[in-house]
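Okay, so the sequence shown: first residue is 9 according to the numbering used here, each after it adds one.
Honestly, I wouldn't trust all of these hints.
[Stated by the list, open to error] Listed next, with one range per pair, are the computed distances between beta-carbon atoms:
hint, residue 1, residue 2, range
1, T102, D53, 27 to 35 Å
2, S180, R90, 36 to 44 Å
3, A91, V58, 14 to 22 Å
4, P94, L37, 16 to 24 Å
5, E30, E164, 32 to 40 Å
Quick caveat, the hints were computed from the structure, so don't treat them as lab data.
Beta carbons are placed, not taken as given, at the ideal position from N, Cα and C, and that holds for glycine.
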Amino acid sequence: LTRMINDLLDLSRLDASRLTLEIRPFDVLECVRSAVERTEIEHRDTPLEVEVVGTLPVLEGDPQRIAQVLDNLLSNAVKYGRAGSPIHIRVEHTGDRVAVAVTNDGPGIDPAALPRMFRRFERAGGTAGVPGIGLGLQIARGLVEAHGGSIAAESEPGAKTTFRFTLPIPGSNAG
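Based on the sequences and whatever the hints tell you, model everything.
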């Protein structure tokens, strides 16, 4: 209930452009590793694999809000993934951005539903019995965009789903 209330408050702040970010330099890989550790504590039967590509620069942003995005994506990957199948997290320096991708094996998302996944209360088909009310991805999108980044999803029904977000590198003209 507390998480739902906090999600609703975050959504209202995002809608009103009143969300406060505590911008400071942060290590995105440290953020990823911390989120992975939190997920491993809650979901011991789900292997999580982190892959780092290239040298990652220090970013500027609100690490707690980026952690919130990561927690949401990892939670969804566990909830909607095949039980016991690994979740792959890839972090890479690509041009003027850092990209973070979370991939799980599972039923996937119908391609027609992908554009709606970041809307309020939107959930993929076949989610009966899966906890959640469909706010997490919209909040994740709002938080990533508030950092000057972007977020997207791609899915291969019956195989893999990847949620990927990018964040600009300070001083790169990406934002």
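Hint check results:
1. A beta carbon spacing of about 32 Å between T102 and D53 agrees with the range 27 to 35 Å that was offered as a hint.
2. A C-beta distance of roughly 37 Å is found between S180 and R90, which places it inside the suggested range of 36 to 44 Å.
3. Roughly 21 Å separates the CB atoms of A91 and V58, a value that falls within the hinted 14 to 22 Å.
4. Separated by about 19 Å at the C-beta atoms, P94 and L37 satisfy the suggested range of 16 to 24 Å.
5. Distance hint check: the CB atoms of E30 and E164 are about 37 Å apart, consistent with the given range 32 to 40 Å.
Figure legend: structure checked against the earlier numbered hints; every hint is met.
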